[in-house]
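Residue numbers (the working numbering), protein chains in the order written: chain D, 1 to 160; chain C, 1001 to 1414; chain Y, 2001 to 2170.
No wet-lab data here; the hints were simulated from the structure. C-beta: ideal position from N, C-alpha, C; glycine also. Heads up, some of the hints might be wrong.
Okay, derived cross-link-like pairs now, DSS-like style, lysine-lysine, Cα gap no bigger than 25 Å in a straight line [to be verified]: (1) C/1082 / Y/2004; (2) C/1369 / Y/2143; (3) Y/2004 / C/1231; (4) Y/2004 / C/1255; (5) Y/2004 / C/1078; (6) C/1108 / Y/2004; (7) C/1255 / C/1301.
Per label pair, the in silico range of CB-to-CB distance [as the list claims (entries may be wrong)]: (8) Y/2048 / C/1113: 30 to 36 Å; (9) C/1313 / Y/2142: 27 to 33 Å; (10) Y/2126 / D/19: 56 to 62 Å; (11) D/95 / Y/2062: 54 to 60 Å; (12) Y/2064 / D/94: 55 to 61 Å.
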Amino acid sequence: MGIEQKLGDMGVVTMKLEQAVNWARTNAMWPMLFGLACCAIEMMSAQAANYDMSRFGMELMRASPRQSDLMIVAGRVSRKMAPVLRRLYDQMPDPKWVISMGDCASCGGVFNNYAIVQGVDEVVPVDVYVAGCPPRPEALIHGIITLHEKVKGENIKDWA
Amino acid sequence: MLEQSNVTITEVSVDEIRHLISDRAPKGETVLLNMGPQHPSTHGVLRLLLELDGEIVVNCIPDVGFLHTGVEKNMEAKTYVKAAVMTDRLDYLNTVGNNLAYCLAIEKLVDLDVPPRAQAIRVILTELQRIASHLVWLGTHALDLAAMSVFLYCFREREHILDILEMVGGQRMMTTYIRPGGLWRDTPVEFEDAVRKFLDLLPARIDEYEALLTKNPLFIERTRNIGVLAKEDALRWGATGPILRASGVAHDLRKARPYSGYELYDFDIPSMTAGDTYARYVVRVEEMRQSARIVRQALDKLPYGPVRSSNRKYVPPPRSDIGTSMEALIHHFKLWTEGFTPPEGAVYHAVESPRGELGVYLESDGSPKPYRVHWRTPSFVNMQVLPSLAKGRLVADLVALIGTIDIVLGDVDR
Amino acid sequence: MDDKLQKAVEALTNRCAAQTSEFRSDISLMLAAEQLVEACQILHEEFGFEILAELTAVDYWPQQRPRFHVIYGLRCLQDNLFLMLRVPLDGNAPSLPTLTTVYANANWFERELWDMFGIQIEGHPDLRRILMPYEWEGHPLRKDYPLGYEEVQFSFNFDEIDIRKPYAKE
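When you get a sec, could you build the whole thing from the sequences and use the hints?
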């Protein structure tokens, strides 16, 4: 505070390192293309012109897990797909976050049977759950903003 | 890194598929590449095992089942009306059409008559859903061929249709609006104006897409003479829908076996003889225009009347009757606790979905839950065409081929 | 019944010992498994049924003879006809001849029959599981296979189910 008073008219702003790092992480979070089923169509609608996700920094959907930091699991995960999901999550570099989009990814949804994993948190750790079948694009954007709030409160040592 | 005990590793050893790949692979002359379940161009979770000689595909083995949901077994455990909720989620781009196929199968089994207003509104919503499905197809197909603005334009149009569906059914995609015996409830007052407004702006928008793609030399270069499917091959592989129509057979179930009042409307079936990717593109764009024509006629002829059948053994009575009539109360009670019980027997009913012939085989044993429901989904059958089309072509053409067959993995894997 | 359909049904009844039945204006013929390929060849070549539209099975467990009924749906496009064939199969070691020589798209349909019902298909070029994972044991659509659902976690049984439920580790 005292520094700012002395350097105020030199155009310098001070903030904590944590705040700066978290601000950078939220404003340019690249999602990985992991649309599986119906929720993928709503995710594509959220990316398209009406509900634009690129205003939150998510212009591109990276196909490669090695270049992305957010995995939006959109759709039902079957037992055949679960190991693939885990392998892709492991291939993502730190820091990484997971949004579980839709009812099927959060808890198994409408399908309570032998073929669907009952909630993707059996396979990967999830940060934000977005409910809906499929959730409206606005609900997904609300989920992303909630994730941004969570990331802004993170400690820099979480990902050290 | 897998600690789960209830998931298994999915690896295929070369021995298991030796009969499907050529002799050059074990010698190392060709490369076995996995175009995995997560890929931007596979339109969902489709896995392709490619045997490549440089850029040329020698063999292509599709591996499906990554979205298998067990819907057929799950529907056997629910009553007929509750199982209708699961039908939306099969082919998730044709949700209203799936509902329609299921309800028509039940009505055929039970021999139930649907009032004409319900039939007309069913036709309107199904054709709007067909336009929406073709818009997604066009958007993603063009996106794969590197025309990104078409993707954004198509989704802008789709928002109008989703607004109309939300107005009638309460939900953008999975409405479950079509129920056995008619519709869930009557359409609101703003419905007709909203549909007319959409129909007025649609032809100009389709002209925009055509101006961007139809005579574009890049698009033509990537789609003409790619994936030519001759008429005999299309019939041999049992392909239906736009694939068959682009190969020279003008077969459409809406004209051949009309259902839900389609015989009252006047429309053409577009068909071409070339059978390549470009022909399939032209057929689908023309289908969008014909769908708009059907919707306009249906709106002009829309009759007044009830939207649900009055057979109280299968269709619940209106809520206002429950306070006054004893029979209405008893029917309501029976339908909500036990569900209706159709007679024993088996039927097969097919409708024309945007991808081809969508059929429901429904067998009942007299209990309130369906004994067996089988979904003959068009994408499952049309996928079998892919290996023969892809042989000898470049990997870049493979991407165009997956798009042109228009598969939806929810349909393939059920 | 349509004239041409009548002739096709008669041909099958005479040459392949089929029994006809009609329900809601759809004809279906009951055949033995040995007559199946011949019947389909007759329909495909002599009567012009070009497309195999549907191939599925129904499980009538606990009844063992027959336990499965395999249903074939054939469509003739030029005359707009539809015919269903039903083949009853025994409970232990059910097997069928393959139809891929007559209709190529029976390939994946028959793989699904093997995967979901355990019906062995003789002569199939590539009989592997198609919808379930490769090492899966059991055939899900059989009636003695459980649905495999997870119990609902209310507040009174929250802890019991929580212990059994797997969660991902980081």
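To see whether the hints hold, each was checked on the structure:
no.	hint	in the structure
1	C/1082 / Y/2004	violated (40 Å)
2	C/1369 / Y/2143	holds (14 Å)
3	Y/2004 / C/1231	holds (24 Å)
4	Y/2004 / C/1255	holds (20 Å)
5	Y/2004 / C/1078	violated (40 Å)
6	C/1108 / Y/2004	holds (24 Å)
7	C/1255 / C/1301	holds (19 Å)
8	Y/2048 / C/1113: 30 to 36 Å	holds (34 Å)
9	C/1313 / Y/2142: 27 to 33 Å	holds (32 Å)
10	Y/2126 / D/19: 56 to 62 Å	holds (59 Å)
11	D/95 / Y/2062: 54 to 60 Å	holds (56 Å)
12	Y/2064 / D/94: 55 to 61 Å	holds (57 Å)
The structure fails to meet hints 1, 5 from the earlier list, while all remaining hints are met.
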